[in-house]
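Numbering (our numbering), first residue to last: 1 to 62.
Everything labelled a hint here was simulated from the structure, so no lab data went into it. For each residue, glycine too, the CB sits at the ideal point set by N, CA and C.
Computed beta-carbon distance windows for the label pairs:
#1 Ala55 x Arg4: 24 to 34 Å
#2 Ala54 x Gly16: 13 to 23 Å
#3 Arg4 x Asp56: 29 to 39 Å
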Amino acid sequence: MDARLLEILACPVCKGPLKFQREAQVLVCRMDRLAYPIRDAVPVMLEEEARQLAADDPLLER
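Taking the hints into account, I'd like the entire structure generated from these sequences.
Printed below as a string of structure tokens:
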């Protein structure tokens, strides 16, 4: 994932920052507890494609 792209991407729901989780290949919004998939090196930034994360999900760790 390109670092410059990560700097400009924001959560489409809350407009907050996203954290790249390399192992899971997702972008995580901690505020909304959503994980947006990355498919073929392209982030899928659609709310309906995001996975809701449980409050204790390891992807939410700092």
